[in-house]
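Listed here are the chains, written in short residue letters.
Number of protein chains: 2
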Amino acid sequence: MPILLPLALALAGQPAAAPQTKPAAKPPLSPTEIANQAPAAAWRTIADDDILIFTLANGRQVIVQLAPGFAPQHVARMRILANRHWWDDTSVYRIQDNYVAQWGDVTEKKKLPDGVADSGPAEYTRAGGLPVIRMTRPDSFAAIAGFTADGWPEASDGKRSWLTHCYAMVGVGRDLAPSIGSSAELYAVIGHAPRALDRNIALVGRVIEGIDALSSLERGTGKLGFYGDGQKPTPIVSARLASALPAGERPHFEYLSPASPGFARYLHARENREPPFFTVPAGGADICSVPVPVRRKT
Amino acid sequence: MPILLPLALALAGQPAAAPQTKPAAKPPLSPTEIANQAPAAAWRTIADDDILIFTLANGRQVIVQLAPGFAPQHVARMRILANRHWWDDTSVYRIQDNYVAQWGDVTEKKKLPDGVADSGPAEYTRAGGLPVIRMTRPDSFAAIAGFTADGWPEASDGKRSWLTHCYAMVGVGRDLAPSIGSSAELYAVIGHAPRALDRNIALVGRVIEGIDALSSLERGTGKLGFYGDGQKPTPIVSARLASALPAGERPHFEYLSPASPGFARYLHARENREPPFFTVPAGGADICSVPVPVRRKT
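Top to bottom, those sequences are chains A and B. Numbering of the first sequence is given in our numbering, commencing with residue 1 and proceeding in unit increments. Numbering of the second sequence is given in our numbering, commencing with residue 1001 and proceeding in unit increments.
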């Protein structure tokens, strides 16, 4: 897919006045198009209880897929918080450029429900869990990097494994160690993957729709991107699990199974971008350059 | 530096109510603090002719450091465009989430000055140019990755080298190959490093101040993040080289020399984040997690 084209060319969808040595051939499929061509059986439905919908005061929604396979305790707490409507009337109060958007109770005075507290286990890593498909080239942060059967980007040292801090991943804010966070203050990555955080903080999911509702917010002028004088946090109107909505109102999503041949084709395409726009394929990529395909299920 | 703390803790700068097994010790220096402790001799002034200042209609400025050592022809053209005031009354017209902000002449009708045209050399790579300091762990896109003596992130195959598409790097939009672009339509990276573009498009510099004035703009609703119906591109009021301003009005910047011991300490700190926030150092990082320190020179 041509991606840095001038406006007219992008809109017209055909070669503009640029000199071409040959007539334009039919362009190759983009990685996303390759993913979308995978058969229906390669796509797995995300459970209603793993979909958490934050609705902002500006009408935008930020939809998070939870990762109970990696952070079962944090996810259990988050379900309690959602079902108690705890995030209603909280806010997005920190936007640090090239790093994270953070939300929750900016007053730090809101009482947490029973069963939700800053206590272990940390869930920063888990035993075993080698990916079902690996990146072609080495990872700069870990011995092994690839994707799990249930659709998550994972790094591993061969004994333990962990989610990677890629764009749009969601984690739990915490105090200094040994705090692990209460699961009530959350952040999403809105810049280059801050993978130094891997194994140091709990990742609990990823934004599967609406990340730009966070990434395009005004950056905080205070320390660490917290909102400063004269800046207004973005109110959160509600947070609901899809499973708590009437059946007819639930959004449905599916992800491309990393164990499928379609995913292998998608990964190869991401690691080897093609002409006519690209002329030199890299032959590899870092794991955060390969977002797991997720789409609305119709 | 604690970075995902709740609000009160970040503002107070001291441990909050989280359980601590020991009294808090003096926190270690952050990577940025380590860089700033390097002696004055380790910092190199950026030439006035390498500083290009875009002023937006909202009053924000986006300041770009040019990279003539990598893209001499593109930079020469950009200096012509700036000195002819060509970018005045153009706009930022494309914002694609987790990818790029793009600016220039959205009408594609503005006449280019003599000496500025879509013609070679491409300047996607250059001969030689091995970095003076390398990353500890392998790179996922190239055989070698590190930093040049003149302060740029560079990848190499041992024979040729190239700038890497890290956050805030600036490149030249182009049509399908063999177009290389006219140097008039520019983009800046505002998401996870799209390093598949390395060697496929010309990088010509980096935003050294004001990247958030681009990254926080509303995302385009059109194809590829171009602004769609009802969206207004952000006007560019002017673009000037610092060398074209009166001496007293020029902003001055300096970068930490990658050949200095201070840079080596900074790199080590980025690759091995420390307690009390971090408990597991990665022992490495990708090159785009190590932005070259640049600061205002007073």
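Keep in mind the hints are simulated off the structure, nothing from the lab. These numbers were taken from a predicted model, which means no experiment stands behind them. All residues carry an ideal CB built from backbone N, CA and C; glycine is no exception. One should not assume that every hint holds.
Here are the simulated lysine-lysine pairs, DSS-like style, with alpha carbons at most 25 angstroms apart [claimed, not checked]: (1) Lys297/A with Lys1223/B; (2) Lys26/A with Lys1223/B; (3) Lys1026/B with Lys1109/B; (4) Lys223/A with Lys1026/B; (5) Lys1026/B with Lys1111/B; (6) Lys110/A with Lys223/A; (7) Lys223/A with Lys1297/B; (8) Lys1232/B with Lys1110/B; (9) Lys1110/B with Lys1026/B; (10) Lys1232/B with Lys232/A.
Computed from the model, here is a short list of chain B residues facing chain A with C-beta under 10 angstroms [claimed, not checked]: (11) Ile1034; (12) Ala1038; (13) Ala1168; (14) Leu1197.
Derived coverage of chain A by chain B (criterion: at least 3 residues anywhere in the stretch with Cβ under 8 angstroms from a Cβ of chain B; other residues may be distant) [to be verified]: (15) 127-141; (16) 187-199.
To see whether the hints hold, each was checked on the structure:
1. Lys297/A with Lys1223/B: holds (21 angstroms)
2. Lys26/A with Lys1223/B: holds (19 angstroms)
3. Lys1026/B with Lys1109/B: violated (59 angstroms)
4. Lys223/A with Lys1026/B: Holds - the C-alpha atoms of Lys1026/B and Lys223/A are around 19 angstroms apart, at most 25 angstroms.
5. Lys1026/B with Lys1111/B: This hinted pair is violated, its Cα atoms lying about 59 angstroms apart.
6. Lys110/A with Lys223/A: holds (23 angstroms)
7. Lys223/A with Lys1297/B: holds (21 angstroms)
8. Lys1232/B with Lys1110/B: holds (19 angstroms)
9. Lys1110/B with Lys1026/B: Not OK: Lys1110/B and Lys1026/B at ~58 angstroms, beyond 25 angstroms, violated.
10. Lys1232/B with Lys232/A: holds (23 angstroms)
11. Ile1034: This interface hint is violated because 15 angstroms lies over the 10 angstroms limit.
12. Ala1038: violated (21 angstroms)
13. Ala1168: Nearest chain A Cβ about 8 angstroms off; hint holds.
14. Leu1197: Nearest chain A Cβ about 8 angstroms off; hint holds.
15. 127-141: holds (count 6)
16. 187-199: With 10 residues close enough to chain B, the hint holds.
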